[in-house]
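Residue numbers (this note's numbering), protein chains in the order written: chain A, 1 to 243; chain B, 1 to 384.
No lab work stands behind these hints, which were simulated from the structure alone. From a predicted model like this one, the values you see are computed outputs, not experimental measurements. Treat each hint with caution, since some may be false.
[Stated by the list, open to error] Pairs of lysine to aspartate or glutamate, EDC-like flavour, derived with a Cα cap of 20 Å: (1) A:K127 <-> A:E161; (2) B:K365 <-> A:D188; (3) A:K37 <-> B:E146.
The lines below spell out each chain.
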Amino acid sequence: MGTGKFASGELMAAALAASGAELVTVALRRADLTGGKDKFANILTFLDPQKYLLLPNTSGARTAEEACRLARLGREATGSAWLKLEIHPDPRYLLPDPIETMKAAETLVKDGFTVLPYINADPVLAKRLADVGCATVMPLGSPIGSARGIETRASIAIIIEQATVPVVVDAGLGAPSHAAAAMEMGADAVLVNTAIAVANDPVRMAEAFKTAVMAGRTAYEIGLAPQRREADPTSPLTGFLNQ
Amino acid sequence: MSFVDTFNALPINELRRYSQNATCEDVERALDSQSLESFAALISPSADLEQLATVAQATTLRHFGRVIRLYAPLYLSNECINICRYCGFSRDNPILRVTLTTDQVATEARYLRNEGFRHILLVAGEHPHFVSNGFLSECVAKLRPEWPSISLEVGPLEADEYRPIVTAGAEGLVIYQETYNRSVYATMHESGPKTNFDWRLETAERAYLAGFRRLGIGALLGLSDWRTEAIAVAAHIQYLLKHCWQAQLTVSVPRIRPAAGEFQPLTQVSDRELVQYVCAMRIAFPEIGIALSTRETSKLRDGLIPLGVTMISAGSHTEPGGYTGQGQTDLHLTKGGRRIESAGDHATVQFEIADNRSPAQVAAKLDAMGYEPVWKDWDMVLNG
């Protein structure tokens, strides 16, 4: 889960607990990176490292250089070498820059980070990032916060089919059904933030997403029925042959 | 090519007429369109304000969530060589002036830091001697170790003059055109470099070239018809979104406040109209920041927060030394731009503020309204 846009740190912590999330991402730019314990930049104090694997992110970075600088400072401040690599130079749609992301991923993997890059749903880029040692790939369903669901379905299907690392569908998941759909497709996880943070009741919405993720995963493991164009009668016309 | 060309070709009078005559159906259609014509419809007299507010609130929630960023202005100097009829710092106003030293600036900043602020806006009049580029760079460099985000609101400079300020650590630049009406602009700005309308209009682009990441623009409401101003601001935003695509844009909606010089606004913008302006901006430009200062009352500020505002100031002073009394020993009165005597115990304000709550009171109110006050949302390490 993500930690932005919540009405308070307490509400965020309650929603996280209800969601069953294991991995929690937090924008380094909102945290105190000086090593002091700034009470006016205290978002990290609401995240229990015993309960969650902390995934600091580089949101705000426009280039590989900025992302690497922020990542290194963040590692010192948080003690976490896990990193959600986000480089979106366009503040309007927050779409990730593939070129800068690739450059930063190479550097940061060599630097000892466990890198989880946020990317457009580009199957070739996903393979290239896995090849340089990224721990996962995180393709977007639709732009961050847009709640438009999985508009990149065909490409995400290819990424999942070809993946040698876990695939986390990130961004744009506005409803539990979107999260379930991603899990049914075979995604290993989803990352949700806005849909929960701005819900009228974030804690119950977190529960709804948890249920949906589990349902989607279970269905994927069992195997979904193939889709057909026509109705498929439950009493087949040739059933008499078996009688 | 710059925005000046686009602005000169803008059918602003037609858009203004369209705004005046737009029907309820035009407004309805405009709710999910981003054309300038749609923006003009959103600010039309026939718009249903409650409907606009509903859409604006939902849009703000989706893009920004339940958080409000706080910032504080720090006035470095109220020296100014421009004569601007509406501004308290106008050169011909006989007021108490001072330019703080960088040490005094640091003392004022430390006070604001203790109040909680981590985003600071350095403000100064335009004066090549007192407020030189070197002085601005020094102030930014001095504050850099303790401030994750530093922005400036100062007289326009060349891109090459901005670069050292960016390198020193400044992240944002705020520049208001004041009025987009050329003839009113000419009347309001009697002398000084600010008389150059086009030079000012291109400032945001020069700032972007120089590396500023956040650009703030706006019109000062009360000088010319607000709907025409709003359409021009919207056109400016559209242009910057395309041409300065990596910048985070912020718009402000300042209304003229009482100040030295006793200037009376030439036009009125009611509270209702200001709310409509904010809602229209939010609907037409879901991703831009909207800043609201202490020019407005607590009641109006609190009411506007859910409708589109993303950043607010609190507990502000609009005079150099206003927070801790720095600069008292160098205060001096000027008349007709000439220093005539030393007197008084504090510098004159640029304008009177209307919301006197402390930062802590504003933060508590945000909390009670279900919004998180965010003090730090940037880090200097991102600036390089």
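### Query
Is K365 of chain B within 20 Å of D188 of chain A, Cα to Cα?
Roughly 41 Å separates the two Cα atoms, so the pair is violated.
### Query
Would the pair K37 of chain A and E146 of chain B pass a check requiring their Cα atoms to be no farther apart than 20 Å?
Between K37 of chain A and E146 of chain B the Cα gap is close to 14 Å, so the pair holds against 20 Å.
### Query
Straight-line Cα separation of K127 of chain A and E161 of chain A no greater than 20 Å?
Holds, at about 11 Å.
The structure does not agree with numbered hint 2 stated previously, though it agrees with all others.
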